[in-house]
Amino acid sequence: MNKIFITLLSLLFAQVASASDYSMIDDYVSNNKKLIQLPSGTAIAIIKDQKIVYEGYFGYSDIENKKKVHSDTVFYIASMTKPFYSLYMLLKEEQGKVDTQWPLAKLLAEIEFKPALQANKVTVQDLLSHTSGVDSWPLIQATAYTGQYDDNVLAKILEHSYVNENAPLGEYRYTNVGYNILSYWSDKNLNTLWQLGLNESIFKPLDMSHTSARMSDIDKNDWDYAHGYSVKSVDPEQRVYLQKTDKTMHAAGGMISTAKDLARFLITQVNQGKLDGEQVLPNHVIGKSQQKLIDYKDRGRQRAYGWGWQIRTLFDEKLLEHRGGFFGASTYMSFMPDKKIGVVVLSNQDKWGGDLAYAIESMGYAIALDKPNEEITGLYERNEAFVKKNTSKFFATKKGKSPEVNATISSDYLGTFIHDTLGTITVEKSNVTGHTISWGAMSSRLYKGDSPNQITAMFTPNYHESIVFMSSSDNKQYLKYRDYTFLKK
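Counting in the working numbering, the sequence shown runs from 552 upward without gaps.
Keep in mind that a hint or two might mislead.
Claimed, not checked - Calculated cross-link-like contacts (lysine-lysine; reagent style DSS-like; alpha-carbon spacing at most 30 Å):
id, residue 1, residue 2
1, 890, 848
2, 939, 585
3, 672, 657
4, 619, 783
5, 980, 1027
6, 825, 869
7, 584, 922
8, 890, 843
9, 739, 843
10, 783, 944
11, 869, 599
12, 999, 1031
13, 602, 584
14, 643, 891
15, 950, 940
No lab work stands behind these hints, which were simulated from the structure alone.
Sequences are here, hints too, so could you generate the full structure?
Written out as structure tokens, the structure is:
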């Protein structure tokens, strides 16, 4: 039966998968929604030369209210922000406002970095290409998750930055830290916040009318937003609770956009800064933005990184790409500069959005490159077989219940706990939901731990983490999360 289906599939797509015919993608995505058992949304755009040659919109931006994804639906694109911020810095370099060879010690002379960081050697280029060797989990936590920070707090966090022992200066290790450090500098020294800088330097010139670095623009402009979902949730059709706010939109992952707007960005990339027949961005800046800066290996495969772009080959052609991921979001965009082809895939579900993007990438480029029909059909079959295998395994082992809710926490552990750079964590008792814990934009019910003074919480959707309460000999109460201790107020 399986062989008959594959034969029929091959015959079908031998007819439809001809040059510039992208209907196979429609069929693949529709089947994918059934396999993952979630009608979440997907927006796809494929560009070639100077125009969009394919657009596809599937599923729902809001499952509960049955709002379908359409051409103006905006998605949170997470780390796909990095190529935009890197380009912004290169445009500012063109204007003489920054030099990508400036050292960190010159950029932030007021910050007393630890000597081991070699702030006099770490450059802007290092910060943007993930080779700075600088690490800071608190910086990532504050800017991407809690939103509990101001300039004074960020300055303290930067002073406590430390060396990434696994990837010191000059070695590649992907991180948000370099972009967060540089945006702290640019906000203070370019007379505008980075969000507004992207808007004036890139979004407006490219007429990206449904793109922003502020979540508040969704309500302000009455945009349709693709709310996040996850098959890992107990109820996959319920939105994941952790939503981005203006405070947790950051330069390493802080944009919302549409497939159509991002396609305009890719058209500009493959045409050396030209869009709609006009030179909207300097061609030499676009050229520099596509340069390779560092080689590295990813699970044995040769890769490179440039100014916000991952660089590899696909079908023996140079490919620049970036992906984005967050709870309830999985995004992808790429382009082949020599062939002037590009692909955008946006999904509002997190677990299999990346696999869907890989499948659309392979089939989309194969069709655009006029690969033989049998090769394209083979890609369809292999990608779908991979998804079938993984979804079957996942659903066979998925747990349907959360841990037992903890209802016996001591009153000593109720209240507000403070850390000088990580902000405040509040533990409260509710007659409706039991005990809860909140930390800026994050919150969770309290779940039973392994001991009376230990609980678990889901600060981030579908991930349980341990929290320990402690008392000192002088009757002070503390909360310990990971390696950080918060004192009760």
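Problem set entry | Holds or violated: residue 825 to residue 869, with C-alpha atoms at most 30 Å apart | holds, 20 Å
Exercise. Quick one, are residue 739 and residue 843 close enough, alpha carbons at most 30 Å?
Worked result: Measuring from Cα to Cα gives roughly 29 Å; hence the hint holds.
Problem set entry | 30 Å Cα cutoff - pair residue 643, residue 891 | holds, 26 Å
For this session: Take a quick look at whether residue 672 and residue 657 sit within 30 Å of each other, Cα to Cα.
Result: Given pair residue 672, residue 657 holds - Cα atoms ~10 Å apart, limit 30 Å.
Exercise. CA of residue 619 to CA of residue 783, is that 30 Å or under?
Worked result: Holds. Residue 619 to residue 783 sits at ~22 Å (cutoff 30 Å).
Exercise. Can the restraint linking residue 939 and residue 585 be considered satisfied, given a maximum Cα separation of 30 Å?
Worked result: Holds. Residue 939 to residue 585 sits at ~10 Å (cutoff 30 Å).
Exercise. If you draw a straight line from the CA of residue 584 to the CA of residue 922, is it 30 Å or shorter?
Worked result: Between residue 584 and residue 922 the Cα gap is close to 26 Å, so the pair holds against 30 Å.
Exercise. Taken at face value, is the distance from the CA of residue 1031 to the CA of residue 999 at most 30 Å?
Worked result: holds, 16 Å
For this session: Measure nothing beyond the straight line between the CA atoms of residue 783 and residue 944; if it is 30 Å or shorter, mark the hint as holding.
Result: With a Cα-Cα distance of about 13 Å, the restraint between residue 783 and residue 944 holds, given a limit of 30 Å.
For this session: Starting from residue 602, check that the Cα of residue 584 is at most 30 Å away, please.
Result: holds, 28 Å
Problem set entry | Holds or violated: residue 980 to residue 1027, with C-alpha atoms at most 30 Å apart | Satisfied, since the Cα-Cα distance of roughly 20 Å is no more than 30 Å.
Problem set entry | Pair hint outcome, residue 890 versus residue 848 [Cα-Cα no greater than 30 Å] | Judged against 30 Å, a Cα distance of about 25 Å means the pair holds.
When each numbered hint is compared with the structure, no violation occurs for any of them.
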